[in-house]
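Visitor: Put together the whole structure using the sequences plus the hints.
2 protein chains.
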Amino acid sequence: MSFNPRYISELKDFLSFPTVSSDSTKKKDIQRCAQWLATHLQKTGLKKVKIFQTRLHPLVYAEYTVSPELPTILFYGHYDVQPAIPLQKWKLEPFSPVVKGDYIYGRGTADDKGQLFIHIKAIEEVLKKTGKLPVNVKCLFEGEEEIGSPNLPDFIRRNKEYLKCDAAVVSDTKMLSMGQPAITYSLRGTLNMEITITGKNKELHSGSYGGMVYSPLQVLCEVVSKLYTEKSRISIPGFYADVENLTINEKKYMAKVGPSDERMLKEAGTDRNWGEEGYSNFEKITVRPAISITTIKGGYQGEGFKNVIPASASIKLNVRLVPNQNPLKIEKLLMNYFTEMVPRGFELKFNTASKAKPVLLSIKSPYIKAASESYKEVFGKSPVFLRSGGTIPVVNMFKDFLKAPTILMGFGLPSDNIHAPNENFHLPTFFKGIQTSISFMKNVSAIKKAENSSSPETLLQEIFNTTN
Amino acid sequence: MSFNPRYISELKDFLSFPTVSSDSTKKKDIQRCAQWLATHLQKTGLKKVKIFQTRLHPLVYAEYTVSPELPTILFYGHYDVQPAIPLQKWKLEPFSPVVKGDYIYGRGTADDKGQLFIHIKAIEEVLKKTGKLPVNVKCLFEGEEEIGSPNLPDFIRRNKEYLKCDAAVVSDTKMLSMGQPAITYSLRGTLNMEITITGKNKELHSGSYGGMVYSPLQVLCEVVSKLYTEKSRISIPGFYADVENLTINEKKYMAKVGPSDERMLKEAGTDRNWGEEGYSNFEKITVRPAISITTIKGGYQGEGFKNVIPASASIKLNVRLVPNQNPLKIEKLLMNYFTEMVPRGFELKFNTASKAKPVLLSIKSPYIKAASESYKEVFGKSPVFLRSGGTIPVVNMFKDFLKAPTILMGFGLPSDNIHAPNENFHLPTFFKGIQTSISFMKNVSAIKKAENSSSPETLLQEIFNTTN
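As you go down the protein sequences, you meet chains A and B in turn. Going by my numbering, the first residue of the first sequence is number 2, and it counts up by one from there. Going by my numbering, the first residue of the second sequence is number 2, and it counts up by one from there.
Do not rely on the hints blindly, as some may be mistaken.
Repeated chains share a single entry, so a pair holds when one copy, or any two copies, can fit it.
[Said to hold, decoys possible] Mimicking DSS-like on lysine-lysine, the simulated pairs with C-alpha atoms at most 25 Å apart in a straight line are: (1) Lys-203 x Lys-267; (2) Lys-90 x Lys-201; (3) Lys-365 x Lys-252; (4) Lys-252 x Lys-267; (5) Lys-227 x Lys-201; (6) Lys-232 x Lys-203; (7) Lys-257 x Lys-382; (8) Lys-365 x Lys-165; (9) Lys-48 x Lys-13; (10) Lys-13 x Lys-450; (11) Lys-90 x Lys-203; (12) Lys-48 x Lys-130.
If you're looking for bench data, these hints aren't it; they were derived computationally from the structure.
Guide: Structure (structure tokens):
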């Protein structure tokens, strides 16, 4: 296998742009990165390279057409990243990537610049070796994934003829472990909600008023403390109404191929079991919904103490949804819950973002078969089929607007620390990923386009019946 | 009454120093303010003016000795202030004071630069008119009151001969209303505690782990939600054990002279009654203890959303204590409570500050009588005797180290917005305060020093028996 050091040096350049999409001070860095990426795609030999501006951060597009008779693959990835905080927990500058042993460290190495780069390098290698690609390829790289892709649905809807493809490939998920590839067939949906509780009182001195004022911070704690029951189930009425139960066969399959409870705890760095009774840890994070408190903010945030009862307090929640929960319905349930739970005399303000439906993909399509064979060729092992706890909203958009199935070919590892300090990516897997992508393009070229006309929504149950 | 505009212009200069003692970036401003104050005391005609450096912010001292036969009054005040946040809620620059109508606006106008300045101007007027003071006077102005006077106890203990006095005067409390003076005879104690809850897990992606991880933010909410019972009583075992009950006579007196429930709610800007059942609002904030949540901080604090389950969360509490609660004992109860309530798998870190005992002062001393008569001369009304919900730690130090009673002659008004945005001070009351201080010095000069030898700890009950 070629272990081209130039690829690493190019990846480092790509990683050096602090493309934190949630940080409004990074707008120019994101523009510069999009420009770098477009130039890189051009040099690689892709055609019709274009930067599409949106209301916020741009999309980078490129394509390579061989023949209308051949299938078209759309490679999707995102070049924006999560904030690199808390900075003091990073052992390196998050945007000055370094290689240590087999790993490259830096924000975005695994999520998702490194994974996206795999396909660019695969295209480059094939073009260099054979002068053309075996299939038609389109690339779509966005800069707003980490903030919920606010402008992507509209872009895809308005450009569906342009983006038309037979299957989309998204590499933004994990393998089961080093050496054991995995194809993800289910994703949780997501819903972010910020809730601000404001009392009618102004800020009050805690000496002069402490004991007679119901503080918004206290109200917040009281309401949040009731979000989960003593059995760690979400207490919001109706919250589980649309949650699909696993079939026994799929449950068995998950128990066989999925990570054990112990391994999941080890990955999380804790020895404290928690969560809904009656489910394995892997099930808790894939087939069961969750509400995580990601932020609480209220009162004096500076150093030392300020003896003031604040006038308002806020909380940010990240809800993860499973098939067939609907983010709009859950949003309403949450708003009703807080409205009902917060006592008289307080005002509530809701701010929701990043709404995405959960995803359940067919694993019977010929494209999944092509991906599966490619993994086997390169890694020497067939992939396992996994559900993931994460969310990739674009998968729904490809399904809804392009009527195309998505193949989630992830090259991440559980040790990548995505969204956390010291994010990293395993370089031998990066290079194997390039070979897998090359092999995938070759395998796809053998698919007769008609094969794709079968329903992409085959019931999973059948698969697990036979797999088991 | 003289309404000298020079005094206001000098007060404005004094207020312009951003002497926020909790802000480490303001160290130089505090030094410059101490220098300004020392120079001002010198110009006023006080002697032995000196700046005492401490480990943090300096004390300013001055004195004026007439005769060892006459009583000595120690005027105490503080020239440091609370942070001026949130800045966007201020209608003016907090350190660029402005006069509007009868009020001067700016941080520190009432708490405590304006009140402290009253006595300096009183001394100036008497010296100008008569060439000498009627009593011996010492001034002690500190720069660390708003952070719990960390260096003051040691300073007073080491300088008790130097600071020796017959009574201390502290003007850092409120009148009952405009035109109705008040002498405060009881203060709540205080205890600030920061509690940090850290899980063993690192920061975790809420997609990958949401549903199987017990988050420190959730634990924090659950524990804090149980701090108060449903009847709004603090649920910590033993918390009320040392709380003294009011006598029926004092309860009646407080109901007669103290602010009504409605007025207290109006002052707080809310119509929502809250707090311990069976007590008036005035009682809740003076004779009953309280725990106020002043800060909660956990998770991503930037704009937008970051889908991460944080590894730790923290809370800051301000506890107000009443006679005879002991801050050290309450500190221990709180630490035990949190240690017991926080589930296995989490580490707790405690950081306490600003410990001060509650205060109950005798109202039978001749100095109280002198103060009372001065108020009557200037305001045309005898003062009422009030308990206050606030804390002035120095009162305990004067009692413990100097064996001197303190007279709390406050000139603040309930509308002053101390510790909050748009702090202000009523200028006609400021000028009446100067006359009251002048009258007080004159009245004190008639006290035979021997009278002070009576116990300053006379039981309040007797007073209320006769007052009623």
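Visitor: Looking back at the hints listed earlier, which ones does the structure fail to meet?
Guide: As far as the earlier hints go, only 10 is violated by this structure.
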